[in-house]
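As given, the protein sequences belong to chains A and B, one line each in that order. Residue numbering for the first sequence follows my numbering, beginning at 3 and increasing consecutively. Residue numbering for the second sequence follows my numbering, beginning at 13 and increasing consecutively.
To be clear, the hints were calculated from the coordinates, so they are not data collected in a lab. Quick caveat, the model's predicted, so the values are computed rather than measured. We treat Cβ as the ideally placed atom computed from N, Cα and C, and that holds for glycine. Just so you know, nobody snuck in bad clues.
What follows is a set of in silico ranges between Cβ atoms, one per label pair, in the way DEER data are often shown:
#1 L84(A) x T116(B): 25 to 35 Å
#2 N344(B) x I293(A): 36 to 46 Å
#3 P157(B) x L302(A): 18 to 28 Å
#4 I292(A) x D326(B): 33 to 43 Å
#5 K93(B) x A37(A): 55 to 65 Å
#6 P120(B) x K44(A): 24 to 34 Å
#7 K283(B) x F41(A): 51 to 61 Å
#8 K146(A) x K283(B): 32 to 42 Å
#9 G147(A) x E316(B): 48 to 58 Å
#10 V191(A) x N344(B): 39 to 49 Å
Spelled out, the chains give:
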Amino acid sequence: MAVETRTGEPLQGFVAQGDILVDVKNLKVHFPVTAGLIFQRKIADVKAVDGISFDIRKGETLGLVGESGCGKSTTGRAILQLYRPTEGEVKFGQTELTQLQGNDLRRMRRQMQMIFQDPYASLNPRMSVGAIVGEPLAIHGLAKGAGRRERVAELMRIVGLNPYYAGRFPHEFSGGQRQRVGVARALAVEPEFIVCDEPVSALDVSIQAQIINLLEDLQDQFGLTYLFIAHDLSVVRHISDRVVVMYLGKLMELTGRDELYENPLHPYTKALLSAVPVPDPSVESQRERIILTGDVPSPLRPPSGCVFHTRCPIAIDECRQEIPEWREISKDHWVACHRV
Amino acid sequence: MASEPLLQVRDLKTYFYTDDGVVKAVDGVSYDVQEGETLGLVGESGCGKSVSALSLLRLIATPPGKIVGGEVLFGGEDLLKISDEEIRHVRGNRIAMVFQEPMTSLNPVLTIGRQLTEALELHLKMDTNSARQRAIQLLEMVGIPEAGGRINDYPHQFSGGMRQRVMIAMALSCNPKLVLADEPTTALDVTIQAQVLEILARLSREFGTAVVIITHNLGVVARYADRVNVMYAGKIVEMATAKELYAKPRHPYTVGLLKSVPRLDQARKTKLEVIEGVPPDLINVPKGCSFYPRCTFRVDRCAEEAPSLLPVGDNHTAACWEWKNVAHAVDNARPVNGS
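Using the sequences provided together with the hints, build the complete structure.
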């Protein structure tokens, strides 16, 4: 099956198993929990990400969904080496990122950027917008003086901001405009790959659509690859080519967008989808709702076996004891569940 | 709908007097809440939906805020005119509130049990023991496991979803006629959001409580509300039953809002339709219709004269001069959209 573009035609020269841009193998990120005031001793690990494997193909948008604390942001950051993985491999093209240090790593960062969730906290309030967008150019020595100013103006135009406002400060902009500044900053170094960490969840609905459209336009224009992290499943369905579902540091299901939404296999995916109300009362009254009981367990003490078994409506003994294998159940449809 | 409405809000105006000018957060809002119904109040941040609900119980910090006009008729009295002492008997007793932030709206230094029994002892004059029994019952009702033991816990020992369920238990404790739920699930994860909303819906049905649910989430409203008011820039721009509103939106803002959200149940269209621009600054609201600068249906009249809510269907009003054109565009686009 060839990967399709958004409009439905197959992307030229693009085969599903071809061109892998980011290859994640058995990635683990554990954060130590310490006790004691002076002599800190490690008493436990928060297993934020616990052995996940997937790939991101060139030019696609991979949606990563899950509830808060499931490790989706940590995954994004660990790919960019903003958190160093505890274990596992992250390959970007041909380069193994987990081994890189210092300058080598910085050079790689030119190709991978990040857009953050909170447009209020991710911009330095004391820097002008022009300086914020121009900073990556300075760090990577890409342009200076008039050349940098010109490039900043160009970037601002690309994201739909008036370059005239380059001298203004973040507080003078609305949330949507600030998010555009964050996008311009990420684009400054002409990256190939951008991790979008909940880029629209802090924005109002009418503004969300503007930013989503912007991200899509930029992808077409510059051939970008996105890892799109979000908890809003409707937005993810709209923007992604493939979607991966995470729960408590593990992957539950990974497949093409429409396959996941129309034929979800994992009980967690099913519950997640049924929990999202659709803005249409006539559809809503027909829909089946699976209401999960209980809360997400603490990643400090994840349940034995399948991490989802404590809330799973169809769990059996096997689920409590054995960790389900991450397997490809049909072409390009991966799932980790004993009951599938 | 023939019987007397439970709550009648008439031309409510709440302004905030700031150094930069007067913020007209709520600017002439009128609506009814019928007994036992669930009313959705939707809009984006800053449209005045929360302030309009807080104003009903006079929970506006003064200064800078002030309710400058209007009436809130509830059980034959105007809540804006009664004494402070009297409104205290209404709050939490006949009208209760569920706030957005379950992390901050519970008192961190009081046990869950104490926070529940407080209202019971105050409003229902229960003694300590029966209040405690009732509190345990309430916690069981909202699905807190081992309620008898958890009643002595402090809020930080509860998860976000559990805290919001405690808030609901608290709101329903005195068997109010009306619950105002201000973004009750916005801070929660989707699966927990579904849990909490189901509990609220079930209990309001069982007790016959009317609920005003304030949210920006059009899906939540579609699932739970009987009727919907859409707010924009301090005013209600459209009112209809939920079914009617989603099927036949008549205000350009409602139309834009519905089109701009991606839907879980639909394969993607090429592009999301956006509402260009941003909501107006509530200090300098445009003279005519406040949606005029962003509207695709605008005509000259809109810039001059603000439309009031005009009847556009059965129990359906919209504040738009051009609603017939909107109707035409929406109804003809329908088969193409497939919704």
